[in-house]
Amino acid sequence: MAAKSHRSSTKGERVTQGATTMLEVNDIQSGVLRPRPPSYAGTYMVFRIDDQATGHEMLKRLTPAVASAADATSPAGDAWVMVALSYHGLKALGVPPASLESFSPEFQQGMAARAAELGDVGESGPDHWERPFGTSDVHLAITAIAPDRTRLEQVLERARQAAYRGMSRNGSYVAFRKLHQDVAAFSRYLAAHSTSTEEEEWLAAKMVGRWRSGAPLTLSPEHDNPELGADPKRHNDFLYYDDDPKGFKCPPGSHIRRLNPRDQFKHEAVQVNRHRLLRRGLAYGPLLPEGVRQDDGAERGIFFIFIGASLSRQFEFVQSEWVNQGIFIGAPGEKDPMSGSNDGTGVFTIPKQPIRQRLQGLPQFVTNRGGEYFFLPGMRALQWLADAR
Amino acid sequence: MEHPKRPGLKAGVMTEFTVYTNVKPGHGKAVRETVERANNDPRRAEAIQEIGTLHEARFVLFDDDTRLMFCSSFDGSWDKYIDDFATTYIANVFDAVFSHCEGFPGIKDPNVKDWFMANAREAIAFNCAYPDASVKEIWKALAVEKAFQEVLDNPAAEQALKAPALKPLLEQAAT
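Chains A and B are the protein sequences, given in the same order.
Residues 21 to 409 in the numbering used here are what the first sequence lists, from first letter to last.
Residues 1348 to 1522 in the numbering used here are what the second sequence lists, from first letter to last.
Note that these hints are calculated values from the structure, not bench results.
Just so you know, not all the hints are guaranteed correct.
[Claimed, not checked] Partial list, derived from the structure: chain A residues whose beta carbon lies under 10 Å from chain B:
#, residue
1, A289
2, E336
3, Q345
4, R378
[What the hints assert, rightly or not] Quick list of in silico lysine to aspartate or glutamate cross-link-like pairs, EDC-like style, CA-CA up to 20 Å:
#, chain 1, residue 1, chain 2, residue 2
5, A, K372, A, E218
6, B, K1483, A, D283
7, B, K1427, A, E177
8, B, K1427, A, E137
9, A, K286, B, E1397
10, A, K372, B, E1484
11, A, K286, A, D263
12, B, K1460, A, E341
13, B, K1483, A, E341
14, B, K1357, A, E137
15, A, K286, B, E1393
16, B, K1483, B, E1380
17, A, K286, B, D1430
18, A, K372, A, D157
19, B, K1427, A, E341
We put the beta carbon where it would ideally sit given N, CA and C, even for glycine.
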């Protein structure tokens, strides 16, 4: 959130350092603070605002559907709707230039202009993005999540019926990316580098840092533990510095240890807590059936949604320094084996006694099909935007 | 709105970064003393260890102590991590040294990056004998070399290194 520092802390998750600030929860859009339900139906929509007055009217109708985070009996019940605006969207709503200029340079430029910084090259480059991503037509985004399809429809119906001073208060920046996952390629890679199904699972877990169930390697290094994976009180309750300094359990180059190194650098100058990501992503597309190694052509992946106070210090920093580089772990040439912009020559080191294992020839498994930076206003600011004339 | 270009030439993973500043009139001696004090502080080595990306850095007073140069080379880009350093010992040293320089807003000031940018001058050439090696890799390489020499000092090494898998190591063992 732009005005207030914030730490996402699920029950049982150990935090490393720093003080907590009281949040004005009644002014924060509900989806920011609430994780999505374990099983869910969700969707997102993007709009272009052609006419200022119509844009205001639309926001006015949307605002009641956006549940306040403080309200347990919100209009949306167990579902939530978030409304966010891009720089072009704020402009289209007639937000005055002085306010527009107060937003961060990255936000003003938009995600496509930041492609080099983010490693969005080749197939992930803006030239290949699905339209309207990468154009100035993406103005307003609505994301809705509910425990099931019926309740999602109810929320959407409500949303359909319904997209300076301190506008950034209790607002957040959002980075949205439609990330296509080539599951068949991942599966083929695992098979080509393993001699058994068990080894494939082990290799996949080492790349991710968690087993299939979500159980973290740091707590269950030898095999999956579905009970642990399903327990939100325990599956995030671990640190690295004392328990796994060399990464024999969870490799320093694995996906989750890169994205959040926790206390790994507590004796280094880097302040991990300044680079945390609050994510609200949703999976899309059908699962690739077990054992299928050929791509079925189906679209599948995740809608990656980052929410935070700073695009540059949080999202872009993690993407450029920790996902697509390895200087921080002493391996400059290595990228995130899962989501890094590898090109068929990627390397991933698995610390192992007596001798480390090293995977070579990693291709790109995740392609960015398009994205944008948005601003997620606080409830009062949303009202203000809707009322502004 | 454009991002200001980051100053600093790259050589492999390394970047060079140099700032030239004007010392406040009469503060030359104070700069010298502050730098020397920091240099003798036992926390200096620890601080460099904590940064983990700094290859080398130097302060140079010149033009009769009226100007100060800070010259460094490190892995990655300086502006990404600079804010993280605001609470470290190194930041205190910077604060103490540059407070004797004209226009320095203070290390905690939100505009401090702009001040460094404004005073930075990019090199016209930057060469390094080991451009692809990061600080952490060099530390690891030195640790491996130390271990290798320990192995060679063991009388059993000659026999052990004859194993076919160790051929590349045996080739390094003669000198």
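Query raised in the report: Taking 20 Å as the top limit, are the C-alpha atoms of K286 (chain A) and E1397 (chain B) close enough?
Result: Status holds; Cα separation ~9 Å.
**Report entry** 20 Å Cα cutoff - pair K1427 (chain B), E177 (chain A)
**Finding:** violated (44 Å)
**Report entry** Distance restraint between K1357 (chain B) and E137 (chain A), which requires alpha-carbon spacing of 20 Å or less
**Finding:** The given pair, whose Cα atoms are some 16 Å apart, holds under the 20 Å limit.
Requested in this report: Take the C-alpha atoms of K286 (chain A) and D1430 (chain B), compute the straight-line distance between them, and say whether it is at most 20 Å.
Outcome: OK: K286 (chain A) and D1430 (chain B) at ~16 Å, within 20 Å.
Query raised in the report: Given the hinted pair K1483 (chain B) and E341 (chain A), is their alpha-carbon gap at most 20 Å?
Result: holds (15 Å)
Query raised in the report: Quick one, are K1460 (chain B) and E341 (chain A) close enough, alpha carbons at most 20 Å?
Result: holds (19 Å)
Requested in this report: For the pair supplied as a hint, K1483 (chain B) and E1380 (chain B), confirm whether the alpha-carbon distance does not exceed 20 Å.
Outcome: violated (31 Å)
Requested in this report: Hold the hint about Q345 (chain A) up to the distance rule: shortest CB distance to chain B must be less than 10 Å.
Outcome: holds (7 Å)
Query raised in the report: Do the numbers back the hint for A289 (chain A), that is, is its least Cβ distance to chain B under 10 Å?
Result: holds (5 Å)
Query - Distance restraint between K286 (chain A) and D263 (chain A), which requires alpha-carbon spacing of 20 Å or less - result: At roughly 13 Å apart (the allowed maximum being 20 Å), D263 (chain A) and K286 (chain A) satisfy the hint.
Query raised in the report: Can the restraint linking K286 (chain A) and E1393 (chain B) be considered satisfied, given a maximum Cα separation of 20 Å?
Result: Distance of about 13 Å is within 20 Å: holds.
Requested in this report: Given the hint that K1427 (chain B) pairs with E137 (chain A), test it: the Cα-Cα distance must not exceed 20 Å.
Outcome: Cα-Cα ~12 Å, so holds.
This entry does not satisfy hints 4, 7, 16 and 18, going by the numbered hints stated previously.
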